[in-house]
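Novice: Taken in sequence, the protein lines are chains G and V. Quick note on our numbering: the first sequence kicks off at 559 and runs consecutively. Quick note on our numbering: the second sequence kicks off at 138 and runs consecutively.
Treat the hints with caution; some may be incorrect.
With a straight-line Cα cutoff of 25 Å, these simulated DMTMM-like cross-link-like pairs (lysine to aspartate or glutamate) come out [what the hints assert, rightly or not]:
1) V:K180 <-> G:D645
2) V:K180 <-> G:E643
3) G:K605 <-> G:D645
4) G:K605 <-> G:D642
Take a look, some chain V residues computed to stay more than 12 Å from chain G by CB distance [stated by the list, open to error]:
5) Q150
6) L213
7) T228
By construction, these hints were calculated from the structure, which means they are not laboratory data. Note that the Cβ used here is the ideal one computed from N, Cα and C, for glycine as well.
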Amino acid sequence: QSALTQPASVAGSPGQSLTISCTGTSSDIGDNDYVSWYQHHPGRAPKVIIYDVSRRPSNVPNRFSGSKSGLTASLTISGLQPDDEADYYCTSYTNSKTYVFGSGTTVIVL
Amino acid sequence: QVHMVESGGGVVQPGGSLRLSCAASGFTFGTFAMHWVRQPPGKGLQWLTVISYDGNNRYYSDSVHGRFTVSRDNSLSTLYLQMDSLRPEDTAIYYCAKGNAGWGTFFDSWGQGILVTVSS
Chain G
559 QSALTQPASV AGSPGQSLTI SCTGTSSDIG DNDYVSWYQH HPGRAPKVII YDVSRRPSNV
619 PNRFSGSKSG LTASLTISGL QPDDEADYYC TSYTNSKTYV FGSGTTVIVL
Chain V
138 QVHMVESGGG VVQPGGSLRL SCAASGFTFG TFAMHWVRQP PGKGLQWLTV ISYDGNNRYY
198 SDSVHGRFTV SRDNSLSTLY LQMDSLRPED TAIYYCAKGN AGWGTFFDSW GQGILVTVSS
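Between the sequences and the hints, there should be enough to build the whole structure, so can you do that?
Specialist: Here's what the structure looks like:
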């Protein structure tokens, strides 16, 4: 159950777009469409921003979008805002009925 | 409004035991899967375990399988995590998280977390 692979950090200026990748295996991301993404501000509870690869909860702005191709899922943040600075984690359901998180990506707003 | 509060954390010696609780409110607890997730200091989130809405199905990560036991009391709307044979690497903030359905494929609400420190 190795963690899914994410870049350690990505940076962008306000208003720009950035994309975070999440690479897994045929046992997790490649096995199903149950990839979700979480935003985690330090000291606060994590918050789901994307589920089932590309679905967005009603309280999440449409600046956040998700996709998947093969063994890699992606989260795109458009129109970057200062409050988007946080840690982001992908998660996938696995064929063993367990779940695995990504290694986490820190988004830096320049 | 969904609300979950973890309790039972603290400092424990290596090899010791601790039981965490997660008191839930604001939703029909007995119809949703529940999870435990942790975050060691300076590291990322780690999924630990899931229990189905009725308690009949439980799965664990390799890192805690055989040492941790998840359970629930739907009459009390409370989730538990019994942690035995604790190791220093179990030091982390522990979160309970609500699944999106009776089994569920993502975590739609989280508690604020509770700190567990394993140290002599």
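Novice: Run every hint past the structure and note whether it holds.
Specialist: Here's how the hints hold up against the structure:
1. V:K180 <-> G:D645: Given pair K180 of chain V, D645 of chain G holds - Cα atoms ~11 Å apart, limit 25 Å.
2. V:K180 <-> G:E643: Satisfied, since the Cα-Cα distance of roughly 17 Å is no more than 25 Å.
3. G:K605 <-> G:D645: holds (11 Å)
4. G:K605 <-> G:D642: holds (12 Å)
5. Q150: Given that every Cβ of chain G is farther than 12 Å from that of Q150 of chain V, nearest at about 27 Å, it holds.
6. L213: holds (22 Å)
7. T228: holds (17 Å)
Violation of the numbered hints given earlier is absent; every hint is satisfied by the structure.
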